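Peer 1: Same order as they appear, the protein sequences are chains A and B.
Our numbering puts the first residue of the first sequence at 1, with every later residue one more than the last.
Our numbering puts the first residue of the second sequence at 1, with every later residue one more than the last.
If you are wondering where the hints come from, they were derived from the structure by calculation, not from laboratory data.
Remember, it's a predicted structure, so these values are computed and weren't measured experimentally.
Treat each hint with caution, since some may be false.
Said to hold, decoys possible - Counterexamples of contact, computed for chain B against chain A with all Cβ distances above 12 Å: (1) S106; (2) L121; (3) V146; (4) T150; (5) M170.
Stated by the list, open to error - In silico contact screen, one side only, chain B against chain A (beta carbon under 7 Å); selected entries: (6) K94; (7) L105; (8) Y139.
Unchecked claim - Under the rule of at most 25 Å between Cα atoms (straight-line distance), these lysine-lysine pairs were calculated in the PhoX-like manner: (9) K47/A - K66/B; (10) K27/A - K134/B; (11) K48/A - K66/B; (12) K66/B - K68/A; (13) K66/B - K73/A; (14) K42/A - K23/A; (15) K69/A - K42/A; (16) K73/A - K52/A; (17) K68/A - K42/A; (18) K23/A - K134/B; (19) K52/A - K66/B; (20) K66/B - K69/A; (21) K57/A - K73/A; (22) K69/A - K48/A.
In this text, a Cβ means the ideal position worked out from N, Cα and C, and glycines have one as well.
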Amino acid sequence: MIRCLILSLLNYFTDGIQYREFKAALKISDGKLISNLNQLEKFSYIKKSTIKFDNRKLTVYSITNSGKKEMKKITEWMELMIQVVQSGE
Amino acid sequence: MVNKLSEAFDTVIASLKYLDLRPNIREYRWRFLIQKITFLTQVLSSKTDYNFIMYIAGPYSPALAKDYYSQEAALVSLHTDYELTQEDIQHLEKIQECCDFLGELSLLEATSTMVHLMRGLSTFSDDDIFSNAKIYKPYLSDSTLVIGMTKAKKLLFKEEYLTEELKEEMDLWDKIQ
Numbered sequence: 001m002i003r004c005l006i007l008s009l010l011n012y013f014t015d016g017i018q019y020r021e022f023k024a025a026l027k028i029s030d031g032k033l034i035s036n037l038n039q040l041e042k043f044s045y046i047k048k049s050t051i052k053f054d055n056r057k058l059t060v061y062s063i064t065n066s067g068k069k070e071m072k073k074i075t076e077w078m079e080l081m082i083q084v085v086q087s088g089e
Numbered sequence: 001m002v003n004k005l006s007e008a009f010d011t012v013i014a015s016l017k018y019l020d021l022r023p024n025i026r027e028y029r030w031r032f033l034i035q036k037i038t039f040l041t042q043v044l045s046s047k048t049d050y051n052f053i054m055y056i057a058g059p060y061s062p063a064l065a066k067d068y069y070s071q072e073a074a075l076v077s078l079h080t081d082y083e084l085t086q087e088d089i090q091h092l093e094k095i096q097e098c099c100d101f102l103g104e105l106s107l108l109e110a111t112s113t114m115v116h117l118m119r120g121l122s123t124f125s126d127d128d129i130f131s132n133a134k135i136y137k138p139y140l141s142d143s144t145l146v147i148g149m150t151k152a153k154k155l156l157f158k159e160e161y162l163t164e165e166l167k168e169e170m171d172l173w174d175k176i177q
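Kindly generate the complete structure, drawing on both the sequences and the hints.
Peer 2: Next up, the structure:
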């Protein structure tokens, strides 16, 4: 679920999201956040880059093309789930 | 070839051109600057209608991001058909006076966050605005947020707020000095 959330956020914020911004918004532990980000990076769904911001080095994550494709699949799958649930009501 | 620009993005380019900025959207720093400058300009002049949200990287507009990625050529060449009005120039100079674009970006982040919160939570006290800013930006230091709040107040201040009564009071203080 956290990975879906990370992917969807990166799909929305196309400029990328700083690690510290993720941490402030998701309010999860560093361990949990890093392991999920690393896993998504391992799948090549996201990429990590280092930027210079006020003479400090910050890590920024952005979505890759395969990440966008995966996100599309997730969205389609969720839409299907909603249809199934609504048809059963 | 430069594609047809949206009216809003045309205004964005004209503003950047006036501020003598040559953005390179391949760099995070420049994308950050475009977002924050456009937000502040929009607050003061309402010439653009981008929807800025606070969550995560706020104030941030995905529609503006889409515009600068799709109109990179126009941005690089600073090609625009929009002519800034005298009022636009006054607003841009006010922003330029308040924010150092080549200086600390954290300060610009704090100022734009404070402007967004002060407009959205206009009935809140300074302490409540500060607490809210701390929730969104816990990694910014207290001093950066306080300076950001002062700059935000300066940006949002309008001449008409200065009533005769206030002017008289300020004149008295000036006489003491």
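Peer 1: Please list, smallest to largest, the hint numbers that this structure does not respect.
Peer 2: 1, 6, 16 and 21
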